[in-house]
Amino acid sequence: MPNAIVVLDQRIVGHKVHTQLEFREPRWDDYTSIGDPYVWAQSPEDPNMVRPVPLPDRVRDYAERLIVEGQQAGDPALLSQLGMKDTKRVEGAICGFFLAVDPRVTAGSTASPNPSSSTSNGDPTPSAA
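Under the working numbering, read the sequence shown as residues 3 to 131, first letter to last.
Hints are computed from structural coordinates only; laboratory data are not their basis. Misleading hints may appear alongside valid ones.
[Unchecked claim] Distance condition first, Cα-Cα at most 20 Å in a straight line; then the derived SDA-like pairs of lysine to any residue:
#1 K18 <-> P78
#2 K87 <-> P56
#3 K90 <-> D11
[What the hints assert, rightly or not] Derived Cβ-Cβ restraints for the label pairs, each shown as a range:
#4 V15 <-> A109: 39 to 45 Å
#5 D11 <-> T108: 28 to 34 Å
#6 M51 <-> I7: 28 to 34 Å
#7 S35 <-> Q12: 28 to 34 Å
Even for Gly, the Cβ is constructed at its ideal location relative to N, Cα and C.
The whole structure should be built from the sequences, with the hints applied where relevant.
Set out below in C-alpha cells:
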C-alpha cells in the first residue's frame, strides 16, 4: 500500500514550510500496539446499518507514529499546528489504511459500498457518511 499524502488547507511550519503531510502504511508492531483506529457503530439514520466511528486517541497515536518525509521518520510535532479541516483529512487518511482492508467494508456490509473512502488529500468522498 502506498503512503497516504494529505494536502493541507493551511500550510504549517517546522524546519521548513509544509503544504502536505505524508503517512506510511501501518505495520504489525503499530497495529498490535495501538489497535483499530475506529469502532463499528449503528448508524443513527438506519439502525440496520453500521458505520466506522473514529477513536481520536488512536488516530492521534497512529498519526504521530506514521508521519514520514519520504523514507525518513517525520516530525509528529507538526500535527499540533493542524486546523480542524486538516485534522479531519489526517483522520481520513489514517482510517483509510484500515478501511481498505477491513472485511466489513470489503464484504459490503456497511452503510455504503465505500463508507469512508478518501481522496489523495484525505477528504471523504461524496459517498462517505
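(message) Check the hint pairing K90 with D11 against an upper bound of 20 Å on the C-alpha distance.
(response) Holds - the C-alpha atoms of D11 and K90 are around 11 Å apart, at most 20 Å.
(request) Evaluate the given range 28 to 34 Å for the C-beta pair formed by S35 and Q12. (result) holds, 30 Å
(request) May I ask you to test the hint 28 to 34 Å on the CB atoms belonging to D11 and T108? (result) Check passed, 30 Å falls within 28 to 34 Å.
(message) Hinted pair, alpha-carbon criterion (20 Å max): K87, P56. Please report holds or violated.
(response) holds, 15 Å
(request) Indicate whether the distance between the beta carbons of V15 and A109 respects the range 39 to 45 Å. (result) Since the Cβ atoms of V15 and A109 sit about 43 Å apart, the hinted range of 39 to 45 Å holds.
(message) Does P78 sit within 20 Å of K18, going by the straight-line distance between their CA atoms?
(response) holds, 14 Å
(request) May I ask you to test the hint 28 to 34 Å on the CB atoms belonging to M51 and I7? (result) Holds - the Cβ-Cβ distance for M51 and I7, about 30 Å, lies within 28 to 34 Å.
Going through the hint list in order, the structure satisfies each hint without exception.
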